[in-house]
Amino acid sequence: MNETAAIQTKQDFLAHFKNLDFSFDADFSKEKRDFAKEQLQKLNFPTSKTEYWKYTRINKLIKGNYKTDFPTAEIDFELSVPSKNCLVLVNGYFSKELSWSEQTDGVHFSSLSEAKEKGGAIAKKFGSLSKDETEIFSSINTAYHQDGAFLHLEKGAQASEPFYILHLVDSEGAVSNPRNLIMMEEGSSAKVVMKTLSTKKGASFTNMLSEIFVDRGANLSVDKVQNEGEQDYQIACEQVEQKADSVFKINTFTLGGKLVRNNLNIDLLGQHTETWLNGLYLLQNKQHVDNHTHVFHREPNCESHELYKGIMNDKSTGVFNGKVYVHREAQKTNAYQSNANMVLTDEASINSKPELEIYADDVQCSHGSTTGQLDEEALFYLRSRGMSQESARAVLLNAFAADVLEHIGVDAVKEDVESFIDKHYQGVK
Amino acid sequence: MASEEELLEEVTSQEYKYGFYTDIESDKAPKGLNEDIIRFISAKKNEPEWMLEYRLNALKVWQEMKEPEWAHLRYPKPDFQDLHYYSAPKKKKELESLDEVDPELLETFEKLGISLDEQKRLTGVAVDAVIDSVSVKTTFTEKLAELGIIFCSFSEAVQKHPELVKKYLGTVVPSTDNFYAALNSAVFTDGSFCYIPKGVRCPMELSTYFRINEANTGQFERTLVIADEGSYVSYLEGCTAPMRDENQLHAAVVELVALDDAEIKYSTIQNWYPGSKEGKGGIYNFVTKRGLCMDNSKISWTQVETGSAVTWKYPGCVLKGENSVGEFYSVAVTANYQQADTGSKMLHLGKNSKSTIISKGISAGKAENSYRGLVKINKNAVNSRNFTQCDSLLMGNDCGAHTFPYIEVDNKSSKVEHEATTSKIGEDQIFYCKQRGMDEETAINLIVNGYCKEVLNQLPMEFAVEAQKLLEISLEGSVG
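Protein chains in written order, with our numbering: chain A, 1 to 429; chain B, 1 to 480.
Heads up, none of these hints are tricks.
Straight line, CA to CA, 27 Å or less: simulated BS3-like cross-link-like pairs of lysine-lysine:
1. B:LYS66 x A:LYS49
2. B:LYS354 x A:LYS315
3. B:LYS366 x A:LYS332
4. B:LYS351 x A:LYS286
5. B:LYS66 x A:LYS54
These stretches of chain B come out as covered by chain A in the derived footprint (C-beta under 8 Å, 3 or more residues):
6. 388 to 401
7. 418 to 426
Quick caveat, the hints were computed from the structure, so don't treat them as lab data. Values in this document were obtained by computation on a predicted structure and should not be read as measured data. Here a beta-carbon is modelled for each residue, glycine too, at the ideal position from N, C-alpha and C.
Could you build all of it, start to finish, from the sequences and the hints given here?
Below is the structure:
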């Protein structure tokens, strides 16, 4: 694509948002929008020559014809949310009718626009992690986000009920930029479940961005489940900042979607932090999933553990690109990174790129990547014990996924993913 | 095989002594790179028309290309128009005795425990010494000729065996491959050529010594090794360069062709001037090395990289044939301000192809050492297997060690494993050695040697000793 064509494509894409009205927005947010719009003048969509997008083609995604209006049709979802806190977004807009939450001291769980209106700490934090200068999808989100979820736990607040943030993609051709903000103050603790679901009627594009602040001694666990239709595109970005002694855990489950790209960037700003990144991608048909993670060790004595596993079936393609960066100052870092893949057919493929960039000497860092298939001998063993081919496979695939599943913080999510595996891999040839 | 004495006799009776001499009058082309220079080089070497055409095409390709910037390296870009692309000793000025050889060089050889005359005496090693791109000496050629083995300088091969050169040149590394390969294809002046006929097992280790002699001259060797069906050859390449204060560019291309059932073992020791302790000067080493494996063949790369200010090198194998095997064993040491971005590319195309990559990086001082590798399993390469292990050792807190592996698997029956670790030398290990009476430097040498053992074991005997010493010299004083 030559330069003029690239600019044209960008302008055509941005034209989708031209009718959106943001005059209601808070001033600090408007400033961020204007700044992001300025950046959009300069930024261009990544191409196959952009190193971090090497394995993911977004041509079809950016050339799609989308709508930004709120759906008028009845929402046809069966939502089973086993929690007292649930916030629902539909095509990027907050849905008051579908959401509910309990009142707890020191806990604020609301739509982003409501939080912006109230002001306070959000004014400083909002947009401070998003990389609008360099990442085009981030600046699109900042410039044109409609709404999103806001979770704020005050100092020492402990929430036992998980917070569900659901993003539903309804009408065909919807493009949305959901924007979430999570602030965990000192010593607070919470569990969050982020889910994206779609009516699977047609193509859509979700460009989600979440900014997550985990302050000193806070503990946050996020289970992220992506289960969209086979024509839905999603780019999801989490920008995380961790202060001293905090614990952050995120489990990413990609179960559906035509093209899913996850950018997970974690910045470790204090000592003695603990970080867990787990992922499981179970792909069928022509799905494409691209997981990018970046853990930035800036301070000494921190620990990060990364485990991503994938099963590629049919004609699906998977990408894993994990990076651990250890700064000169970050002595005594322990960083582990592991990526295991199972390719079930000859049409499926996997590209794995685990990276280490290390500038401190007193560290323990390692990474591993494996690609293989079901162990024939294990299969034979199970068959010889009287299991059918299908159930033997399902047992092995479940076992393969098990060490990611055991990290899930909310039981209901675990059951969901397990039943998904049973359903989809029983009949695998 | 000739006895040691006979060999000694043969070598010493000859008047010419390897020409490691800095005052040889050079026949230089003017600075710069354009069509005229290419024609000049080609005419100088009295090359046939097809060779000139090959060079001119490569030049055209090169002019369209941009210098790669993706590597984890920082260095001032060379000005390609400010280099001499041809420099050959005008007359093969001959030395009376070893005394005339650069004493500094002799000292280095001494340190390595492999002085020149010792080198000459080593039985079973044919030495093809290359000074500034023009091969000036070939020994053992006759002995090899008896077996039908062709081992000569590249320019000689162009004259005497044009059919072989024409058939294989650029088939493994096409001139369009990358920026430096294109540059080399356009301006290469000389190098080595080797052909092992069908079913022949080469009875000795073939070896060449490269040296960059003339200041301001980029050196562009071209090596082509062809192992015909069922043959075997072990090829050694070792390099030394005297001190220079200016960055020198080196962009070599090595092509290996292993036809059905053949085996090539290619070992390299690279010990070029790494620049001063302050990071001044040193060689730029941008090399493209690749082997093509046909059915049931095997190519094994072993390298010990201790020199050069900047290294950019990814020896690889195209495993085209069924049951073909590719191996890569590497030790890369960077100290002071050295930078290395090196690794291996294994491209699996044939069924049941197997590859192994063992890479050991050692980083000291303010050096940067990166492993960058690609393992690609093509859809048709069913039942393929790769195992990669890259370990990094850090010494001191100002250096960096990085790993950038690319793993691409396109079928369901292949297995790929990659693992990497980064750590520093265990303090308890050093303590243990010191407690047994070693000083810290010896202790570290011992530990480093042990750490690299897996790779050093792959080297032919002649190189193994030298390599171990080299590691010690390279890390001298970098431990604090």
